[in-house]
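Trainee: Using the working numbering, the letters of the sequence shown correspond one by one to residues 1 to 55.
Among the hints, a few may not be true.
Claimed, not checked - Simulated DEER-style distance windows between Cβ atoms:
| id | residue 1 | residue 2 | range |
| --- | --- | --- | --- |
| 1 | 39 | 6 | 17 to 25 Å |
| 2 | 14 | 49 | 23 to 31 Å |
| 3 | 8 | 38 | 27 to 35 Å |
| 4 | 4 | 34 | 24 to 32 Å |
| 5 | 10 | 52 | 12 to 20 Å |
| 6 | 46 | 10 | 12 to 20 Å |
| 7 | 6 | 41 | 26 to 34 Å |
By construction, these hints were calculated from the structure, which means they are not laboratory data.
The structure presented is a predicted model; accordingly, all values stated were derived computationally and were not measured.
Heads up, the beta-carbon is just placed ideally off N, CA and C, and yes, glycines get one too.
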Amino acid sequence: MCLVEISRSVGILRTLLPWNCRYSPKLIELLVDVSGQKHLEKLVLSSCSNLSILP
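With the sequences and hints as input, model every part of the structure.
Mentor: Okay, structure coming up:
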């Protein structure tokens with residue numbers, strides 16, 4: 001199963017530590033603002049070959 005879309009509401013999760021979107025070739029846009037993620041330690045986007053938009 002591949003991740004295709006991520007809800008913007010993920011941006012309100014303040015305790016999200018690792019965020020792994022690896023191997024999601026159908027993911028095109030990451031519209032979530034991660035700048036408010038004070039505890040985010042790692043954002044993994046490897047093998048997201050179609051990802052073209054980041055906030």
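Trainee: None of the hints should be skipped; say for each whether it holds.
Mentor: The hints, checked one at a time:
Taking 17 to 25 Å as the suggested C-beta distance range, the pair residue 39 and residue 6 conforms, at roughly 18 Å. Separation of residue 14 from residue 49 is about 30 Å and conforms to the stated range, judged on CB atoms against 23 to 31 Å. Taking the beta carbon of each, residue 8 and residue 38 are about 18 Å apart, not inside 27 to 35 Å as hinted. One distance hint, 24 to 32 Å for the beta-carbon pair residue 4 and residue 34, is violated here, with the actual separation near 19 Å.
Range check, residue 10 to residue 52: Cβ separation about 19 Å, and the 12 to 20 Å hint holds. Look at residue 46 against residue 10: about 19 Å separates their beta carbons, and that is inside 12 to 20 Å. The hint said 26 to 34 Å for the Cβ distance between residue 6 and residue 41, and at roughly 18 Å that hint is violated.
Going down the numbered hints, you'll see the structure goes against 3, 4 and 7, while the others check out.
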